[in-house]
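Trainee: From first to last, the protein sequence lines stand for chains A, B and C.
Everything in the first sequence is counted per our numbering, starting at 1 for the first residue and increasing by one.
Everything in the second sequence is counted per our numbering, starting at 1 for the first residue and increasing by one.
Everything in the third sequence is counted per our numbering, starting at 1 for the first residue and increasing by one.
Be careful, since some hints might not be right.
Partial list, computed: chain A residues near chain C (C-beta under 10 Å) [said to hold, decoys possible]:
#1 27
#2 225
#3 232
Don't read these hints as lab results, they were simulated from the structure.
Idealized CB from N, CA, C, for every residue including glycine.
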Amino acid sequence: MALAGINWFKYSSPASFYPLAGKMMPWFAGLATVLTVVGLYMSFFVAPTDYKQGEAYRIMFIHVPAAWMSMFIYVVMAVYAALGLIFNTRLSAMMASSLAPTGAMFTFLALWTGALWGKPMWGTWWVWDARLTSELILLFLYIGFMSLEAAIDDPRRATRASGLLAIVGVVNVPIIYFSVQWWNTLHQGASISLDKAPSMATIMLVTMLVMTLAFWMYTIAIVLYRVRCEILERERHSEWVTELMEERK
Amino acid sequence: MLSVLLCMMRRDLVLAVRRMSDVLTTLFFFIIVVSLFPLGIGPEVEILRLIAPGVVWVAAILASMLALGRLFEGDYRDGTLEQMLLAPQPLSVLVLGKVLAHWAVSGLPLVLMAPLLGLQFGMTVEGLGVLLVSLVLGTPAISLIGAVGAALTLGVRGGGVLVSLLVLPLYIPVLIFGAGAVEASVTGLGAEAHLSLLGAILALALCFAPWATAAALRISLD
Amino acid sequence: MGGYGGYVWGSYIVTALLIAAEIIWVIQRRKVLLKRLARMSRLTKG
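Based on the provided sequences and hints, a complete structural model is requested.
Mentor: This is how it looks when you write it as structure tokens:
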């Protein structure tokens with residue numbers, strides 16, 4: 001237990017995390033590539049055509065993992081933000097801000113692929129379904145987080161303010177989801193049945209999980225890469241960065 | 001504790017009364033926005049009655065959001081806010097006092113004006129009553145949640161637009177239950193469930209928002 | 001693709017493009033940053 005504590009604190013310092021992230025990044029990138037290839041192969045060649053939805057259900061192999069990742073990343077981001085605020089660790093705040101663009105991208109992808117799936121299946125690009133509406137609100141929350149951070153010049157204040165916003169947002173996410181659900185059931189005007197894929201066959205579920213893992217590994221890889229940039233940028237006046245730049249020459 | 005709260009409220013109310021024009025601006029903004037909808041949609045009473053709760057609620061949210069800028073701006077500029085941070089009294093209580101006073105001058109007028117606007121939209125008396133109650137419960141929650149956004153964007157360039165981006169998504173539950181309450185009562189479902197949930201949101205906001213706002217102020221003035 | 005080709009490819013291609021764009025974006029950011037830091041360290045030394 002004591003050992004774990006020491007390790008944790010050692011790598012919570014940007015100077016020692018920077019090389020570690022550099023070493024870990026290629027592994028996660030490699031894993032992401034392999035999983036993406038496997039997932040794509042499975043989603044186009046292994047998974048059979050759905051008897052009800054035809055080929056269009058193959059969109060689900062991107063849509064569902066993207067939607068899962070979008071929510072998961074927001075929670076992880078809020079946890080990092082909370083750690084950064086409570087323990088005043090610079091690294092956690094940097095992780096939170098590195099996660100936001102990727103999370104926003106997955107949220108957008110979930111909406112985009114959802115629209116492309118909805119058009120042939122439901123006949124419209126968009127319905128005010130509870131899930132769609134909450135995903136849209138999640139995108140707004142991501143955009144708010146990023147714009148607040150971009151608007152404040154002082155980097156320390158920027159990360160702390162956006163961190164607090166992320167925490168407030170994560171407290172609100174269940175309330176928003178619940179209220180949207182309530183609102184949606186009250187307005188059952190839409191004549192479209194909102195049932196997604198009926199009973200999911202095992203092979204489809206496995207494919208979806210592989211794609212989710214691929215997205216997950218991709219997220220870790222790109223966030224590590226981005227956090228390295230973030231560290232260099234914020235610590236550029238510190239001694240170890242100067243030394244690092246000397247070594248590179 | 002209570003005396004600190006009351007003292008803060010009295011101070012802010014006096015300040016607001018001395019500058020009555022600010023209060024009136026918010027109120028007129030609310031009235032104008034609501035009046036624009038019939039012009040944009042058409043004068044059919046049936047449609048207007050249908051959309052009235054949503055229109056009034058959205059307009060109330062926009063109006064109180066516009067007023068958010070004034071919540072901390074004055075005290076921030078003349079340095080009073082920094083004194084409050086250093087004060088021995090808990091900051092969250094001071095913040096609560098400020099927010100309640102702010103609601104009394106920016107939210108309460110909207111609440112009182114709303115039934116009049118509802119009449120213009122052909123709402124029934126019962127609907128008006130529910131609208132009034134939903135606004136009474138909902139607008140303080142909006143002021144409380146908005147205070148967090150106002151504190152976070154204090155002194156930031158483009159803060160006015162930014163604050164809307166931050167707080168509008170957080171207002172959605174209040175809007176849903178507020179406008180939903182009126183609709184439910186009109187369609188005969190009864191508004192109790194919506195109003196109770198609105199009350200629950202207000203209670204939650206009363207507990208957590210002053211505390212989060214205090215934290216945000218400390219970050220902003222660090 | 002049984003008549004759904006446009007929708008399926010539309011999803012997959014946009015996903016691929018966005019991910020590629022994000023990767024290019026972060027690599028570019030690192031390049032620019034390293035150049036700036038190198039210039040900074042040269043300036044402080046010379």
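Trainee: Mind checking the CB of residue 27 of chain A against every CB in chain C and telling me if the closest is under 10 Å?
Mentor: At 16 Å from the nearest chain C Cβ, residue 27 of chain A fails the 10 Å test, so the hint is violated.
Trainee: Hint check: is the beta carbon of residue 232 of chain A less than 10 Å from a beta carbon of chain C?
Mentor: holds (6 Å)
Trainee: Does the closest beta carbon of chain C sit nearer than 10 Å to the beta carbon of residue 225 of chain A?
Mentor: holds (5 Å)
Of the numbered hints given earlier, the model fails hint 1 alone.
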